[in-house]
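Undergrad: Listed below are the residues making up each chain.
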Amino acid sequence: MPLFGGARGNTEPMTTPSQKQVKIAARQFSVFFGKSQALRSINLDIHAHAILGIIGPSGSGKTSFLRAINRLNDLNPDSRVEGTLTMDGEDLYQASCDPVALRRRVGMVFALPVPLPMSIYENVVYGLRLVGGERTARRSVLDQDVETSLRAAFLWDEVKDRLHTSGLRLSGGQQQRLCLARVLAMRPEVILLDEPCSGLDPISTARIEEALVSLKSQHTIVLVTNNTKQAARVADETAFFLMGDLIEYGPTIQVFTTPENRRTGDYVTGRFG
Amino acid sequence: MRLLSPKQAQRMAIGILGLATFAILSVLVFIIGFVLNKGLPVVSWAFLSEAPSDMGRAGGIFPILITTLLLPLLALAVAMPLGVGTAVYLAEYTRETRMTRIIRFGTDCLAGVPSILFGLFGFIFFVVMLGFGWSLLSGSLTLAIMVLPTLIRTSEEAIRTVPDAYREVSCSMGATRWQTVWRVILPNALPGIATGVMLSIGRCIGETAAVIFTAGSVLGRHVPSSLFDSSRTMAVHFYLLAREGISNEYAYGTAAVMILAVLMVNLVAYWMMHAFIRRRAR
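Chains A and B supply the protein sequences, listed in that same order. Mapped onto my numbering, the consecutive letters of the first sequence carry residue numbers 195 to 467. Mapped onto my numbering, the consecutive letters of the second sequence carry residue numbers 21 to 302.
Among these hints, one or two may not hold up.
[Claimed, not checked] What follows is a list of derived Cβ distance ranges for each label pair:
#1 B/Met284 x A/Lys229: 55 to 63 angstroms
#2 A/Arg345 x B/Phe42: 58 to 66 angstroms
#3 A/Arg274 x B/Cys129: 33 to 41 angstroms
#4 A/Asp282 x B/Ala185: 40 to 48 angstroms
#5 A/Asp355 x B/Trp291: 24 to 32 angstroms
#6 B/Arg121 x A/Asp282: 42 to 50 angstroms
#7 B/Met284 x A/Arg274: 32 to 40 angstroms
#8 A/Asp282 x B/Glu116: 34 to 42 angstroms
#9 B/Phe42 x A/Arg274: 16 to 24 angstroms
[Unchecked claim] Under 10 angstroms between C-beta atoms, here's a sample of chain B residues computed to sit facing chain A:
#10 Arg22
#11 Ser192
#12 Leu206
#13 Pro207
[As the list claims (entries may be wrong)] Here are a few chain B residues that sit away from chain A, every Cβ distance over 12 angstroms (derived from the structure):
#14 Ile52
#15 Met193
#16 Arg197
#17 Ser245
No lab work stands behind these hints: they were computed from the structure. Backbone N, C-alpha and C fix where the C-beta goes; we use that ideal spot for every residue, glycine too.
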C-alpha cells in the first residue's frame, strides 16, 4: 500500500488538454534498483518543443526517471525497468534500441558541472568526435559548430579568446554552460537537465534559464529541479513526484496556482519537502 | 596526568619523523655517492663508446650499454599493452566477482616471486622449449612477465582513480565503453600508468638473475644485431666483473653508468609525462 495514492494504478496518463505532439511517453513505467523501487508505475507524456519541469523532494524518483530516458541507469547493473517508455513511438527498452545511439539523440546536463579534463573546444566537440564522419572532417565546420553551441549556451563571449585552455579553468557557472554547449553541439532532440543550477549563483542560474527558454523551439527539454521557483519560471508543464509516485502533472500555472492534490499545493508553497 | 603536552608531542613527532627521513636519505646518498665516487673516475667517453676487451678488463661497455637500454624497451613493448589491457579489463569491463579477486590475488603473488624463479622459468620455457636460445628475445619476454604484475596493479589503481563522473558524462554523450576508455580514462590515468612503467624500467635495468639465465652473458664486441643474439646487460656485466674478480674498477664504472642511466630514464619519462599533461590541460 503506497503512502500516497496519486497516479498509481491509474492506466490513463495525466495528460494536459493540448494538441501538442508527444515526444516521450511513459506507461506504467517503473524503475527498480535491486529490491528497492525508485519509480512506481508512472504514466506521463512529455511534449515536444516544451519544457517539462519535474519537482519533488529528494528521493522522489526524479533523477531515476530522467536517467531512464537516456538509459543511463544501465550503468548500474542492479537496475531494471517495468512498463514502457517510448520516444517517437519507439520503445526505448526493446532489444532493438541501441542505448549508444539513443544517447546521441538525448543529451544530459548533470547536477555538478563536469567538464571533461580537456580544452573548452574539445569539450564542445566531444560528442561529435565520438560519431566522427563529416561533421568532424573539416576544421572550419567544427569551428562553426563550436561557436554556434557556445553562443546558444550564452558562453561564447566569455570564452571566445581562450577556447584552447582547459575547461576545468572556468568558474562553476561557466562550466555548467560549457556542459550545456557540449550537449547542444550534438544537436540532440531531447535535453535532460538534472538540477543543473543546484551549485550555481543566481546570476549563473539566470543565464542557464535564459538559454533553456531560447532552446525549446529546437529541442524537447526535461528539467529536474529542487527549486520549485525555477520550475515556475521556465517550465511549460510541471510534474510533481513524491516517493516514486507521480502525484500531479499539468500546465505549470495550474500546478502552482490551483493544484488538484493537496500535497502538491503543500509542496509548491513550501509547507513540506 | 599527561606525560607530554600536545605541543611537546607535536615537536617530538616532527623530530622523529624528520630523523627517519634524514636517515633514509643519508643511506641513499651514501650508496649513490660511494658508487659514483669509485666508478666515475673510470667513466670516460672511451668507456662509453668502445667495445670491451680482455674479458672486460679493458676497453669500454658500449654494446653492454645498448643491450641494457634495448632489453627493457623490448620487455615494455610486450608488457605494456598486456598490462594496461588487463588493468582496463579488470577496472572497466568486469564487475567485482570471485574471478577478478582470483586474478588480482594471482598478480599479487606473482609480484612477490623472486626474480631468479622468473629466470629459471624463462630458461626452461623460452630458451629451451621454444628454442629461442640465450637471446634478447628470451630475456625481454622473461622481463616482460616479471614486470607484468607491477604494471597491472599500478595501472589498475590509476584507472580506478579517474572520477566516475567522467565515465557518466562520456557515456551520456553517446560514447561506447571503449571510446570512454580511449578518450577519457586512459589519458587521465596516464600519470599513474607512467609511474608503473618507470618502476618497471628501473627493475628491468637493475635485473640480474632473470637476465643471466635468459639473455645470457656473452661479452660481444658488437651491438646485438638480431633478437636472437645473446648479450649481457650492465647489471650482469657488473656482477661478473665483481664475482669473477676480473676488474673492480670497471665493475664500479659500470655501476656508476647504470645509476646514471636509471636516473636519465626517470628524468626523461617524468619530463615527457609533464609535457603531455601540460599540453592537455593548458
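Undergrad: Work down the list of hints and note, for each, if the structure agrees.
TA: These are the hints, each one checked on the structure:
no., hint, verdict
1, B/Met284 x A/Lys229: 55 to 63 angstroms, "holds (58 angstroms)"
2, A/Arg345 x B/Phe42: 58 to 66 angstroms, "holds (59 angstroms)"
3, A/Arg274 x B/Cys129: 33 to 41 angstroms, "holds (38 angstroms)"
4, A/Asp282 x B/Ala185: 40 to 48 angstroms, "violated (30 angstroms)"
5, A/Asp355 x B/Trp291: 24 to 32 angstroms, "holds (30 angstroms)"
6, B/Arg121 x A/Asp282: 42 to 50 angstroms, "holds (44 angstroms)"
7, B/Met284 x A/Arg274: 32 to 40 angstroms, "violated (56 angstroms)"
8, A/Asp282 x B/Glu116: 34 to 42 angstroms, "holds (38 angstroms)"
9, B/Phe42 x A/Arg274: 16 to 24 angstroms, "violated (59 angstroms)"
10, Arg22, "violated (44 angstroms)"
11, Ser192, "holds (4 angstroms)"
12, Leu206, "violated (12 angstroms)"
13, Pro207, "holds (8 angstroms)"
14, Ile52, "holds (37 angstroms)"
15, Met193, "violated (4 angstroms)"
16, Arg197, "violated (9 angstroms)"
17, Ser245, "holds (43 angstroms)"
The structure shown violates the earlier hints numbered 4, 7, 9, 10, 12, 15 and 16.
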